[in-house]
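Asker: Residue strings, one per chain:
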Amino acid sequence: MRILIVEDEPDLLASLAQALREEGYAVDTAANGDDGLFNAEGTDYDAIVLDVMLPRLDGWEILKRLRQTKKTPVLMLTARDQTRDRVKGLDTGADDYVVKPFDLEELFARLRAIIRRSANQTTNLIEIGEVKVDTAARNVSLKDKLVELTAREYSLVEFMALHRGEVVTRTQLYEHLFDENESSLSNLLDVHVSNVRKKLGAEFIVTRRGHGYCIA
Amino acid sequence: MKIFKSIGWRLQIWYGLILVVVLAGFGFTAYQLERGRLLGRIDDELHRRVEVLASALRRPPPRGPEGNGQPFDRPPPGQFPDDRPPEENLHPPREYHLPARDAHFFDASDPNGFYFSILSRDGKEITGSTNQPVRTSVTSTYTGGDVNWIQKLPGNTPPPPKVNFFEHYRETFEPLPSGEKILVGCSVLPELKELHRTALNLTAVGGLILFVGLAGGWWFVSRSLRPIQNISAAAVKISAGDLSQRINVGGTESELGQLAAVLNSTFARLETAFAQQKQFAADAAHELRTPVSVILTQTQTALNRERTAEDYKQTVEACQRAAQRMRKLIESLLALARFDAGQEVLNRLRFDFSKTVSDSVELVQPLAAERSVKVIAELSALQVTGDTERLAQVVTNLLTNAIQYNKSGGVVRVNLASQTGLAVLTVADNGYGITAEDLPRVFGRFFRSDKSRAGASNAGLGLAICKAIVEAHGGTIEAASELGTGTTFTVRLPIDV
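Those protein sequence lines, which keep their order, are chains A and B. For the first sequence, this note's numbering begins at 1 and goes up steadily by one. For the second sequence, this note's numbering begins at 1 and goes up steadily by one.
One chain only, chain B, in its complex shape (with noise of 0.2 angstroms):
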């Protein structure tokens, strides 16, 4: 079921069962106590007038002329029933009378007050108060078990008599050794209404502070799950492709919101990177489109008519020179894609850097002849570690960039020598030089300081790939300029990888 899913539902309904779980006990415990103090007291009484009672039938007959009025009856001194065992059939019932000055403790003509019943031994009621409840037989009524139980236990202290409820009567029922029984009891209907009122105020109070405890609770978890709906909100805009959405941290302090801080964070990045990616493929795809253009004008245009072999010849040379260009772009493209995701393997070899700088210095000489540049290398042998190739195209790719935007008669030095442990390589040309608003870019992809693709088909990602190389080997590469001055490429290889 969804509602056992929710985490707010189930926090609610373990902490509603533990509420309830408390409470009930709690209600049940003060229940308890007031109905224990409520009975005890009218307990209390019941044992005292059962003492008093019990004192008086064995108080032997008041004698003296206040005694002639006293109701009780007792039989001859040495007949008392404590005396000796009594004899059922010898002892007829006797009358017992209340004394005057016990008659307050059993006010007749309050229907809840207490009141006494004596009973003969076959359970036939000598005397007793008038207030007392209307029953069939005694002792067919009195369910309390064994009267003579404390009997049964010699040595023991007897505990009070036990006290019993007949309907709402409240009654003791304590046997003399003679063998009457007295039965002292009261209406407890007050105090049970009482007890009732108690229950229903408790249940009351109880179910009160259930409804404040869940309404709170369902507050608070609300309150906190709030920041789970925002971020499950944004999360469900971002998977829909809005990269732009941020959950709304709103001032929350609470670990939640330190995680939408962070899942904030971790989006700003994402959408970062989406940006990058995706200028990145639209910048890959404008470099296509120009040797694409070439290929479809070319094309096109000698499809239109009849042409000579000489027409044909040269339409299928542009769209070679096309195709290349393309070629070299998607190389660019797949080594920076590979050096991107880690994936480039790189052949390292321990070998003289020298050996391949003066190489590349060899193979860019054609170049700097046409365009009537200098190149004056000086270079101290330096065992490196690294791949040679991938290194060769770094210095080939410097070197020729140098050329390329040097002016003719122009020089280009390189210098290569050790450092504190790094082979460092300087190219430096006496060009035109790079502003200071491109410098910071020039190691961008698709970077090209005068916004044509002149430069022999360059797409500008050739320093993107030196700056890939360069950083897989350990090492660093920057760029000073000067406009007007020239250009400096610094490469920085450690000597021991």
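This is chain A alone, in the form it adopts within the complex (with noise of 0.2 angstroms):
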């Protein structure tokens, strides 16, 4: 899972994107509006953490430029935790709203929704044959068996398991599964899948050659 933090107060940015990476995300970030819009519509991002008070461009412009383009799930970020400013920010096409200050469990939380729904998933429980992944907790058991995953291959399998059922591209996992500042070896993620089907079972990730791969 890729996010984008825009957030202007360093401290603030610098803690967010820690955290989420060490939640198994791959977290890139910007630190005024200008660069947030840019890296928005340039990238899909499986959400957008998105400060509203940005110098240059500000959150509510931010967001209504890139719904233009993209569905990208925005979760704002903001100080005002007046009904209107949550009105308008869902009006404008936010997917959820998070007043400041915030605990990081329930940001994280919130962030889980907003991918889970855009992927159009209810629970937070997917099961594809055998395998349970629970997305909250962030683990993948096999026949009732918690397996053992690294943080990368759990979001291989999570974002594989968010689109059963479609076929989903390298291109789309590198982008997914690593951020800007990670070189993109083309080998890192074959590693990755073949651990995962050491783990989880051959079968559990087919191969469409040419395509990319899918789970059924």
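Note that these hints are calculated values from the structure, not bench results. Hints are supplied without guarantee of correctness; some may be wrong.
[Claimed, not checked] With a Cα cut of at most 20 angstroms, we get these calculated SDA-like pairs of lysine to any residue:
| # | chain 1 | residue 1 | chain 2 | residue 2 |
| --- | --- | --- | --- | --- |
| 1 | B | K193 | B | L39 |
| 2 | A | K132 | A | R164 |
| 3 | A | K132 | A | A216 |
| 4 | B | K278 | A | R164 |
| 5 | B | K278 | A | D81 |
| 6 | B | K278 | A | R80 |
| 7 | A | K143 | A | A161 |
| 8 | B | K407 | B | R371 |
| 9 | B | K407 | A | D81 |
| 10 | A | K88 | B | Q279 |
| 11 | B | K278 | A | T83 |
Got two chains here, separate frames each, mind docking them using the hints?
Answerer: Spelled out as structure tokens, the structure:
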């Protein structure tokens, strides 16, 4: 899962990015409105955490412009907690709204929820045959036994599970699993796929040659 | 009791009482006048008849043919009771008859007509009308007091004999010098009935007037007091927290209408003040949210797992920065609150303002160098009276703004000169400028032109505080700006405060 954070307070931005990376997300950051919009339009993020008060281009404007081209789930982050602000945010196309100061736990839960909703999932539990993916607890079990996965492997499984039945291209996987700072060594993805197959069964991820991967 | 606390009721009771007293007085007077008029007429008639009788009794018996028919048998001449003192024993009661020409005065056929009675000295009736009321004894029933009182006041013009009531008869009682007494009376039943009617009429009219007065008064009082009810209803709602309430003045131009208008404008000012206060509190809370978020996120992230000492140090530093920012904000808020409440004590001294300005210019040099902005100062020595520290704060703030909102390589010009008794300080930059729309709001609280907290944790209170300080010194501060050309702030301070 790849997430963009647009926030102008450097200390907040840094700790948010760190926390989300430790949760297993690939995180890109932007410290002002212009950069934020540029990133948001150029990459398919799984979610965007967008501050409202930003220099140059404010959150509302970014959201308005982004919605002309993309449906990326957006979580607005703001210090304004009046109803009209919330209504404005949601009406402009925000998927959720978190008021500062917030608890990280809540932010994570809301992020998971908007990502899940954008993939048309209603619960945290995705069952694929004998494999169960719990997106809240961020774990995967096979025949009701927990399977040890690295954060990156879990992200791969989760992304594939959320896009179950679709063919997911390697480019998509690279975009969603790695952030802009990581070198996209092409065989790194193959290593993760092969590790997941070892742990969850060889048929769990099907290779569509020339297209990408798929979970049935 | 509640009734006696209501102005309406008290007014009502008060003029109700006055009305009753006036009406009763008026009615009583009218009744007495009518009674006097009616009875006076009767009394006049009675007196006339008494006179007639008395003169008839005194008259010598008529002579001549027509005289034989006269009913009054008079004693022989020289034996009139008028002529010599009466001697009761010697003179047995005599017979009297009403002369025919006087008979029309006493119509015996009319039960309500006049009647007479002539009494002997010992009170026995000598003669009388047939229509006079039946009584056991004249003297016992006649209680008019001493009938001889007139004689006891020699030299006085004798007033007409007293008239009194016997039952519903009006009677007068006149003693003759001969010792006989004449009683003339008549029934006043019709007059009494008329008086009774008059009394009823007066009572009815009085009652009607009282009713109309009270009803009209009530209508008028409630109409006049209705604005008070409106006022108190609105005040109740306002005290319950609904500041948007206004009193419905609705064309009242009385004193109460003026009061309502005054109260309405007070309420409007209150509402504005409350709204500003609310906005201020919301803005202050909003400014505190970001540093608190930083602390929360930093600490929660740090505590998620074991960290290296370096990581912890970074977290603590970030928290410190957030705390510093909150401290700065709180100080600004407190300063503004003190200026608002007029509690800020200025340490007034006479000092050289140019020294303060040049110190401030020195202070911002590092920032100017960082932004590649050149600060050019042209200062003339000027003595002003004021709080050195606070005025230095104003200058530093203006300089910092001029540097921060300037382009790289820009120039800030500081000028201090005296102008008609004023110390005029201008701080001009050639930066981006402020839009005409924003210009009136730059001294507002929490105003930021770029609507973000960029610009080194600036909460947007700096210029508001500058304005408060300058105004506390009796000076003015204003901003002029042109987009793309730059902004000029002008501070004017009185030289002799």
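Asker: Are the hints correct? Go through all of them and say.
Answerer: Here is what the structure says about each hint:
| no. | hint | verdict |
| --- | --- | --- |
| 1 | B:K193 <-> B:L39 | holds, 12 angstroms |
| 2 | A:K132 <-> A:R164 | holds, 13 angstroms |
| 3 | A:K132 <-> A:A216 | holds, 14 angstroms |
| 4 | B:K278 <-> A:R164 | violated, 51 angstroms |
| 5 | B:K278 <-> A:D81 | holds, 14 angstroms |
| 6 | B:K278 <-> A:R80 | holds, 14 angstroms |
| 7 | A:K143 <-> A:A161 | holds, 17 angstroms |
| 8 | B:K407 <-> B:R371 | holds, 8 angstroms |
| 9 | B:K407 <-> A:D81 | violated, 34 angstroms |
| 10 | A:K88 <-> B:Q279 | holds, 19 angstroms |
| 11 | B:K278 <-> A:T83 | holds, 15 angstroms |
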